[in-house]
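Model the full structure from these sequences, guided by the hints.
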Amino acid sequence: MFLKNSWYVFGWSDELKENEKLVGRVIIEMPVVVWRNPQGRLMAAEDRCPHRHAPLSFGRVEGDNIRCMYHGMAFNKNGECVDVPMVDKPPKCSIRMFPVIEKNDWIWVWMGDPKLADEAFIPDAWGVNDPNKAMRYNSIEYDAHYQLVHDNLCDLSHVDFVHEKTLRPATGAYWAETLPVVAPQSRAVRFERWFENAQMPSDASVKVDTWSTYEFVVPGIFILYGARFPAGTAKKCDYKAPSKDIKPIFENIEQQAVTPISATKTAYHYATGLIFPAKDVTKEIEARMDVVMKTFEEDRQIIEAQQKIWHLTDPSIKKQFLPQDQGPSIMRRLMDRLMKEE
Amino acid sequence: MFLKNSWYVFGWSDELKENEKLVGRVIIEMPVVVWRNPQGRLMAAEDRCPHRHAPLSFGRVEGDNIRCMYHGMAFNKNGECVDVPMVDKPPKCSIRMFPVIEKNDWIWVWMGDPKLADEAFIPDAWGVNDPNKAMRYNSIEYDAHYQLVHDNLCDLSHVDFVHEKTLRPATGAYWAETLPVVAPQSRAVRFERWFENAQMPSDASVKVDTWSTYEFVVPGIFILYGARFPAGTAKKCDYKAPSKDIKPIFENIEQQAVTPISATKTAYHYATGLIFPAKDVTKEIEARMDVVMKTFEEDRQIIEAQQKIWHLTDPSIKKQFLPQDQGPSIMRRLMDRLMKEE
Amino acid sequence: MFLKNSWYVFGWSDELKENEKLVGRVIIEMPVVVWRNPQGRLMAAEDRCPHRHAPLSFGRVEGDNIRCMYHGMAFNKNGECVDVPMVDKPPKCSIRMFPVIEKNDWIWVWMGDPKLADEAFIPDAWGVNDPNKAMRYNSIEYDAHYQLVHDNLCDLSHVDFVHEKTLRPATGAYWAETLPVVAPQSRAVRFERWFENAQMPSDASVKVDTWSTYEFVVPGIFILYGARFPAGTAKKCDYKAPSKDIKPIFENIEQQAVTPISATKTAYHYATGLIFPAKDVTKEIEARMDVVMKTFEEDRQIIEAQQKIWHLTDPSIKKQFLPQDQGPSIMRRLMDRLMKEE
Numbered sequence: 084m085f086l087k088n089s090w091y092v093f094g095w096s097d098e099l100k101e102n103e104k105l106v107g108r109v110i111i112e113m114p115v116v117v118w119r120n121p122q123g124r125l126m127a128a129e130d131r132c133p134h135r136h137a138p139l140s141f142g143r144v145e146g147d148n149i150r151c152m153y154h155g156m157a158f159n160k161n162g163e164c165v166d167v168p169m170v171d172k173p174p175k176c177s178i179r180m181f182p183v184i185e186k187n188d189w190i191w192v193w194m195g196d197p198k199l200a201d202e203a204f205i206p207d208a209w210g211v212n213d214p215n216k217a218m219r220y221n222s223i224e225y226d227a228h229y230q231l232v233h234d235n236l237c238d239l240s241h242v243d244f245v246h247e248k249t250l251r252p253a254t255g256a257y258w259a260e261t262l263p264v265v266a267p268q269s270r271a272v273r274f275e276r277w278f279e280n281a282q283m284p285s286d287a288s289v290k291v292d293t294w295s296t297y298e299f300v301v302p303g304i305f306i307l308y309g310a311r312f313p314a315g316t317a318k319k320c321d322y323k324a325p326s327k328d329i330k331p332i333f334e335n336i337e338q339q340a341v342t343p344i345s346a347t348k349t350a351y352h353y354a355t356g357l358i359f360p361a362k363d364v365t366k367e368i369e370a371r372m373d374v375v376m377k378t379f380e381e382d383r384q385i386i387e388a389q390q391k392i393w394h395l396t397d398p399s400i401k402k403q404f405l406p407q408d409q410g411p412s413i414m415r416r417l418m419d420r421l422m423k424e425e
Numbered sequence: 084m085f086l087k088n089s090w091y092v093f094g095w096s097d098e099l100k101e102n103e104k105l106v107g108r109v110i111i112e113m114p115v116v117v118w119r120n121p122q123g124r125l126m127a128a129e130d131r132c133p134h135r136h137a138p139l140s141f142g143r144v145e146g147d148n149i150r151c152m153y154h155g156m157a158f159n160k161n162g163e164c165v166d167v168p169m170v171d172k173p174p175k176c177s178i179r180m181f182p183v184i185e186k187n188d189w190i191w192v193w194m195g196d197p198k199l200a201d202e203a204f205i206p207d208a209w210g211v212n213d214p215n216k217a218m219r220y221n222s223i224e225y226d227a228h229y230q231l232v233h234d235n236l237c238d239l240s241h242v243d244f245v246h247e248k249t250l251r252p253a254t255g256a257y258w259a260e261t262l263p264v265v266a267p268q269s270r271a272v273r274f275e276r277w278f279e280n281a282q283m284p285s286d287a288s289v290k291v292d293t294w295s296t297y298e299f300v301v302p303g304i305f306i307l308y309g310a311r312f313p314a315g316t317a318k319k320c321d322y323k324a325p326s327k328d329i330k331p332i333f334e335n336i337e338q339q340a341v342t343p344i345s346a347t348k349t350a351y352h353y354a355t356g357l358i359f360p361a362k363d364v365t366k367e368i369e370a371r372m373d374v375v376m377k378t379f380e381e382d383r384q385i386i387e388a389q390q391k392i393w394h395l396t397d398p399s400i401k402k403q404f405l406p407q408d409q410g411p412s413i414m415r416r417l418m419d420r421l422m423k424e425e
Numbered sequence: 084m085f086l087k088n089s090w091y092v093f094g095w096s097d098e099l100k101e102n103e104k105l106v107g108r109v110i111i112e113m114p115v116v117v118w119r120n121p122q123g124r125l126m127a128a129e130d131r132c133p134h135r136h137a138p139l140s141f142g143r144v145e146g147d148n149i150r151c152m153y154h155g156m157a158f159n160k161n162g163e164c165v166d167v168p169m170v171d172k173p174p175k176c177s178i179r180m181f182p183v184i185e186k187n188d189w190i191w192v193w194m195g196d197p198k199l200a201d202e203a204f205i206p207d208a209w210g211v212n213d214p215n216k217a218m219r220y221n222s223i224e225y226d227a228h229y230q231l232v233h234d235n236l237c238d239l240s241h242v243d244f245v246h247e248k249t250l251r252p253a254t255g256a257y258w259a260e261t262l263p264v265v266a267p268q269s270r271a272v273r274f275e276r277w278f279e280n281a282q283m284p285s286d287a288s289v290k291v292d293t294w295s296t297y298e299f300v301v302p303g304i305f306i307l308y309g310a311r312f313p314a315g316t317a318k319k320c321d322y323k324a325p326s327k328d329i330k331p332i333f334e335n336i337e338q339q340a341v342t343p344i345s346a347t348k349t350a351y352h353y354a355t356g357l358i359f360p361a362k363d364v365t366k367e368i369e370a371r372m373d374v375v376m377k378t379f380e381e382d383r384q385i386i387e388a389q390q391k392i393w394h395l396t397d398p399s400i401k402k403q404f405l406p407q408d409q410g411p412s413i414m415r416r417l418m419d420r421l422m423k424e425e
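Residue numbers (our numbering), protein chains in the order written: chain A, 84 to 425; chain B, 84 to 425; chain C, 84 to 425.
A few of these clues could be false.
Same chains, same label: a pair holds when it works inside one copy or across any pair of copies.
As the list claims (entries may be wrong) - In the EDC-like style, the derived pairs of lysine to aspartate or glutamate whose C-alpha atoms are separated by at most 16 Å in a straight line are: (1) 290 x 397; (2) 87 x 196; (3) 323 x 275; (4) 391 x 112.
Hint data in this document are derived by calculation from the structure and do not stem from the laboratory.
Keep in mind that this is a model prediction, so the values were computed, not measured.
Below, the structure written as C-alpha cells:
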C-alpha cells in the first residue's frame with residue numbers, strides 16, 4: 084500500500100538538464116514519464132499510451148506535445164489526444180498528467196488527486212547546486228520495501244552499530260547513548276538533540292557540542308541540519324536550540340528522499356553538504372561524500388538482508404518495541420493514517 | 084492460454100543438421116525434444132521421461148529409439164517403452180510423440196491432437212537455404228507474451244515510428260500514411276496495399292511503386308512479399324495485384340515465426356531475403372540483414388517495455404481502438420475463437 | 084514441507100575455524116546463524132533479532148553474547164536479551180537457540196524441538212581432516228527441491244547413464260546391471276552389494292570384487308564405503324559382507340549431506356576419500372576429487388533440468404515406478420512418515 088496524495092522525488096534536476104529528453108521511471112507502482120518542453124518547462128505524465136499501453140518514455144517531444152513512438156498517437160500539455168496517423172479527428176482520450184515541480188534541485192511529482200497538490204507540502208531543503216554550499220549527491224536502489232528504509236532513517240541509534248567505522252566517527256558523536264526529542268508534526272516527525280563533548284571530526288582533540296536536528300517528512304524526505312559549537316554551548320543554551328547569533332564552527336546538511344518503486348524496490352536519492360564559513364571545502368566534501376557513500380552501502384546491505392529475513396518470517400510474529408522506536412513508530416502511524424484517509 | 088491444434092515453428096532446419104543430436108525446447112509451456120534418427124528422419128517427443136520426469140533431451144539416440152540418460156529407460160519411434168535396465172519386460176508406458184515436419188527450412192511441431200495434424204495448415208514460404216534466393220536468418224527471444232508480438236506484426240504502421248531510422252528508410256515507403264486492405268482468411272489475416280512513389284532503397288532519386296502483401300497465419304507465422312515496379316505501375320494495375328507478366332525491379336521477402344514459450348517468454352525466428360533478377364546480391368543482403376537485426380532489436384525493446392507497463396496496469400483499463408487496429412483485432416478474435424473451439 | 088526434528092549439516096568445521104566469526108545461512112526456510120564463542124565453543128541461533136527482524140549474522144560476538152549490529156540488542160548464550168542501548172532493564176525477550184554439534188568435521192544443527200535432539204541420530208562418518216585418510220571436500224547448491232537430490236542418491240543405477248564417462252569408469256563397476264539389497268532402518272535406508280569382476284580403477288587389466296555399501300540417513304546424509312578385493316572374494320564370502328580379517332586392496336569413502344534451503348534451493352556438502360594402506364595417495368585423491376567434482380556437476384545439471392520439467396508438469400501426472408525405485412521410495416515414505424508424526 085502506498086500513499087498517493089503526496090509529492091514524491093522523481094530524481095535530480097541535473098538528470099533532466101536537457102530539454103525534450105524523456106525519462107521514464109516507476110513510482111508507487113505507477114509508470115511516470117517526465118520531460119522538459121522545448122522552453123524548459125517540466126511536464127509529467129503517466130508513462131502509458133492509451134492505445135496499446137506502450138511507454139511514452141520511448142516517445143518524442145514535439146513542442147508542447149508528446150508523441151508515442153509505437154503507433155504515433157500525440158497528446159498535448161493537458162494530456163488530450165491531438166493527433167493519430169491517418170485519423171482526421173483524434174478520438175476523445177487522454178493521458179493522465181501529474182503536477183510536477185522543481186525545487187531544491189529535486190524534481191517532485193504529485194501522485195494523487197491534482198486538486199490537492201499543494202506546493203507547501205514540499206519541505207525546505209538546500210539545493211545541491213547552491214553555489215554557497217559544498218554538496219555532493221547520488222542515487223541508489225534498495226531491494227526492499229520503503230518502510231524498512233523509513234524505519235532506518237527515523238532511528239539514528241543505528242549509526243553507532245551499522246556505521247561504527249564510517250559515519251559514526253565522521254560525526255564525532257555517539258548516536259545510541261541519548262535519545263533525541265521526537266515531536267510529531269502534521270506531515271512529519273521532528274528530531275532534535277544536543278551531543279555534548281563530541282569530537283571535532285577534523286581534529287579529534289577538539290571537543291565540540293553538536294546541535295543535531297532533522298525532519299522526516301511524508302512520504303519519505305529526510306532533511307538534517309547539524310551545527311558544531313565550542314564545548315559548553317549546549318549548557319549555555321539550556322539544551323534548547325542555539326540562537327542564530329551564535330556562529331557555529333561549521334555546519335553540515337543531509338538531504339535524502341525515499342521513493343517507493345514497488346513493494347520490494349525503493350529508490351533513494353541522497354546528498355551531503357558542508358558549510359565552513361569562508362573556506363574552500365572541496366577536499367572536505369570529497370572526503371565526506373566518500374564516507375556517506377560507504378555509509379549508505381552499509382545501510383543497503385543490512386536493509387536488504389533484513390528484507391530477506393522478513394520474507395522468511397511469518398508476519399504474525401510480533402517485533403519487540405524499544406524506546407528507540409518512538410520515531411519509526413510515529414512515522415508508521417502517520418503514514419497509516421494518511422493512507423487510510425485516502 | 085495457448086492454441087494447441089497448430090503447427091509451431093520449433094526452429095531452423097540448420098539447427099538440426101546433425102543426426103542423433105537432441106534439442107530440447109519449451110513450446111506453449113510444454114517441453115519438447117526434437118532430433119533426427121540415424122537415417123536423418125525427424126522425430127519429436129515430449130521432453131519428459133515417464134519414470135522421474137527427467138528431460139529426454141539429456142538422453143541418447145539409439146537407432147530408432149531414444150534412451151533417457153538418467154536411469155536408462157528407452158522408447159521406440161512410437162513412444163513406447165522398449166527397454167529398462169534389469170527389467171525383463173518393460174512396463175506398459177510411453178512418451179507422447181508429436182507430428183513433426185520439415186518445410187521451408189523450418190521445423191514444425193504439431194502441439195495438439197495428432198489426428199488433426201494437417202500439413203496443409205503450414206503456409207508456403209521461401210526456404211532460407213533456397214539457392215535461388217539470398218536469405219539470412221536469426222532467432223531471438225522476447226520477455227513478453229506472444230500476443231504483444233502478434234499485435235506488433237499485424238499493424239505495420241509502427242514501422243514509421245519504432246523503425247523511423249532503420250526499416251522505414253530501408254523500405255522507401257511510409258507505413259503510417261495509408262491503411263492496407265485487411266482480409267480475414269480461415270486461419271490467417273491477409274494484408275495488401277500499394278505504396279505509390281516510394282523511394283528505391285538503393286537510389287533515393289528513383290521513384291517506385293511497391294506492391295506489399297503479407298499474411299499473418301495461425302499460430303504466428305508472418306510471410307511478407309514486396310515487389311518494386313516503375314512509378315505509375317500501381318495506377319496501371321488499377322491498384323490491384325500486379326499481373327505476373329509485369330516483371331518487378333526487385334523483390335523482397337520476410338518470413339517470421341512467433342513461438343510462445345510461456346506466458347512471459349516468446350521465441351522469434353526471422354529471415355529476410357532479396358531477389359534481384361540475375362545479379363549477385365551478397366552485399367545487398369548483408370546490408371539488409373544488418374538493418375533487419377537492428378529493427379527487431381527495436382521491436383524487442385519496445386515490446387518488452389510495453390510488457391512491463393502491462394504488468395503494472397489493471398487489466399480492466401480498456402485500450403483505445405484505432406483504425407490501425409483492424410489487423411491485430413481480427414487476429415486476436417481468430418485466435419480466441421480457435422482456442423475456444425478446443 | 085520439511086522435517087524439523089533432525090540434525091542438518093550446516094557446513095564444514097573448516098568454514099568456522101575462526102572464533103567469533105558469524106556465518107548466516109538458511110536451512111528449511113529458517114535463517115540460522117552459527118559461530119564460536121571466544122573459547123571456540125559452537126553456538127547456533129535463529130538469525131533474526133526480535134527487535135526489527137534484522138539478521139544477527141551481521142552482528143558481533145561479545146564473549147558469550149551476540150549483539151545485533153542494527154540497533155544494539157545483545158543476547159546471552161541462552162538466547163535471552165541482556166542489553167539494549169539506553170535501556171536500564173532489557174525487555175523480557177529472547178532469540179531461539181539451536182542445539183549444535185561438531186562431528187566428523189561437519190557442523191550439525193538440530194532444527195526441531197531441542198528436547199528431542201539426540202546426538203545418536205548423527206551417523207558415523209569419516210572426518211575430512213582425519214590424518215589417516217586422504218579426503219577432499221566441496222559444497223555446491225542445487226536450484227532444485229531436496230527430494231530430487233534424495234531420489235538421485237537412493238538410486239545409483241544413474242551412475243551408468245549420467246556419469247557414463249566420469250564416475251562409472253572411475254568405480255570400475257556397472258551400477259545398472261544389478262540391484263543392491265535395500266534394507267530400511269529406523270531413520271535410514273541401507274544399500275549393500277557385491278560387484279564381481281569389476282575393473283581395478285588404477286589398472287583396468289586387474290579384476291576385483293568390490294563390496295559396496297551405503298546408508299542414506301534422515302534428513303539427507305549419504306555415507307558410502309567401498310572395498311576392493313581380489314576377484315573371487317565375493318563368492319568366497321558367500322556374497323555376504325566380507326569379514327574384517329580379509330584385507331581389501333584399497334577402500335574408498337564418500338560422504339555427502341543434502342541440506343534444504345527452500346522448496347527450490349538445496350545445499351550439498353560432499354567429500355571423497357581413499358584409503359590405500361601404507362601408501363602416499365596425494366596424486367590419487369586429487370585425480371579422484373577431479374572426477375567427483377565433474378560427477379556432481381553432471382548431477383546438478385540433470386537435476387536442475389528435471390526440476391524445470393517438474394515446474395512445467397501437472398503434479399497429478401503419475402511417475403512410472405521401476406524396481407530401481409525401491410530405495411528412493413522407501414526413503415520418501417520414511418521422510419513422509421516422520422514429517423506426518425511432527
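Practice task
Please flag the earlier hints that this structure goes against, numbers listed from lowest up.
Solution key: Failing hint: just 1.
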